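Undergrad: Start from the sequences and build out the full structure, keeping to the hints where you can.
Numbering (our numbering), first residue to last: 729 to 1283.
These are calculated hints, taken from the structure and not from any lab test.
Bear in mind the structure is a predicted one, so any value in this text is a computation, not a measurement.
Heads up, a few of these hints could be off.
Pair ranges (Cβ atoms, derived) [what the hints assert, rightly or not]:
1. Ala-831 to Thr-995: 48 to 56 Å
2. Asn-1112 to Pro-1179: 30 to 38 Å
3. Thr-1277 to Pro-864: 56 to 64 Å
4. Pro-1130 to Leu-794: 18 to 26 Å
Backbone N, C-alpha and C define an ideal beta-carbon position, used for all residues, glycine too.
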Amino acid sequence: MTRLSQSVLPHFGKDESGVISVMGALMLMLALAVAMIVVDTGALLYAKRQQQAATDAAALGAVRQLDNPQAAAEAIFSLNDYATENVQARGIYYVSDASRAPAERYFEIGETASDGTLVSAANINAVRVRQLTDSPTYFARLFGFGNMTQIETVAVAALNKYVSFSAGTRIASLNEGIANQVLGGLLGTTLNLSLIDYNALADTNIGALTFLDALASEVGLDVGSDTYGDLLGTTVTAGDILDAAIDVLNGETASGNPSAAKLALQTALSPVSNATVPVNQLLDATPFVNRTIGSVQSAVGNDIPYNVLDLLSGSAMILGTGKAVGFNTNVNVATLASVTGSVSVGEPMAHMALGKVGDSVSTAQVSIQLQAGVNVPLLGRILNIPIYLQAGRGTATVASIPCITGGTQVILSGATDAGLLRIGTSSTNEATISVPILLSFRISGSVPVNPNGPHNIPFTVSDYGKPVPTPNNSNINLFGQLGSALSITNLSLLGILNLTPLGTVLSALLSAIGGALAPLESHIINPLLDTLGIKLGAMDLIVHGAKCTAPTLVG
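TA: Rendered as structure tokens:
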């Protein structure tokens, strides 16, 4: 027997037949084990995702019933076929403070919040909902694990305050001739809108959230899965914007003159339907970036207005950023014969925001180069004088949202950057003027547009939709000031006779030119800036609407 073992066993050890079958069996067992883990893990993740959705819904429902959030949360879980014995819903105080970590923005009754509030039952504004459930396992039990796995989900919803506002939109002195040239040039097309069309655009509002939902549909984002952050990070076409706006204007929620606004918007945007616009430059909805598309309106309630003229001018200024747009007009006002020029728009920000305290929007920084044809009776000639204007950017910020019944609802803070008005161009601060066979001289002069603000402007419900200017006492009648700041040098007759020492001649010439420039402000500059939503040394603030108790997921 021993001899047999000695002879057979070495041979058996060297025999490799059947090894593939053994390895295959081992691999099959390993694959089955991995499949079991994948099935259990997938089922667990799916169960948690479903439970989190139910917890979010329970938090949003409970925050609407702060007097009894527990009952509200349990009712919503029951509707979603979840047991309620492990549901916890507790009222807390929430402070929207971006400087603090999310977990540090919640405060319990008896604590002093980061905004100084001593938290009591009277100022609870949020609800934290916690749910524990057991999810069955399928294969984990074969490896010694339990039959159930505990799932915990938490959601926090707060009654936040939001405001829809814009900076700089004005229509009072809009000149449709200049508006068509400038907006058409920025868009890259030819516009022929009437003042009636522009007023229809200015008078018509659509819902900001409704518009965002319609725009998301136009670009193929999915309701209920993609987020508003996905939409804000998207570049869309002017055609997408137009189609989404028309969808909303055809509905029942638009106010003002939707039919006229729709035709005006189609006239303006249809020729440039393929031009691209980043959504986050057109409309700021930062508070909702993490919410799924279509999920906000039910929480916010009635939609927040978005002005259609803001939509058009915002699209135009984004498309025209960095572009010099020319215009010309025959004014024939007093001694002002004609004006030509160009407008360059700096980096614009959204014209409108759906924001909370601390959020802001800005008007664009704009440079305007004019060539003014000035009729000087003293000389019996028209002088072409270059004038450069830099209008600094204005910023509107939500200072607070008091939401006082019958009183102040919103306080906006408005401030403008420094600007400049001068004779010359962007690179020169004087001009040489020649009158053939008569006079030649150099003319210079400048007026600073001082920084202004910040100024806090309160708004009541009756102020909604109305432009309210920030104070502007230091820069009134800039062209009048420019006329007083003019100086002339190298004044010569026939190119040989120096007339500069003749004070009477010099004074008369300065007075004639200064007086001729004065009408530029009201007849050219103000309508031009109104088209772009800008005001020299100040800004117009408009609140379109506010929501004082908008349930929002904050954690």
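Undergrad: Take the hints in turn and mark each one as holding or not.
TA: Hints, verified against the model:
1. Ala-831 to Thr-995: 48 to 56 Å: holds, 52 Å
2. Asn-1112 to Pro-1179: 30 to 38 Å: Given about 32 Å between the Cβ atoms, the range holds.
3. Thr-1277 to Pro-864: 56 to 64 Å: violated, 40 Å
4. Pro-1130 to Leu-794: 18 to 26 Å: holds, 19 Å
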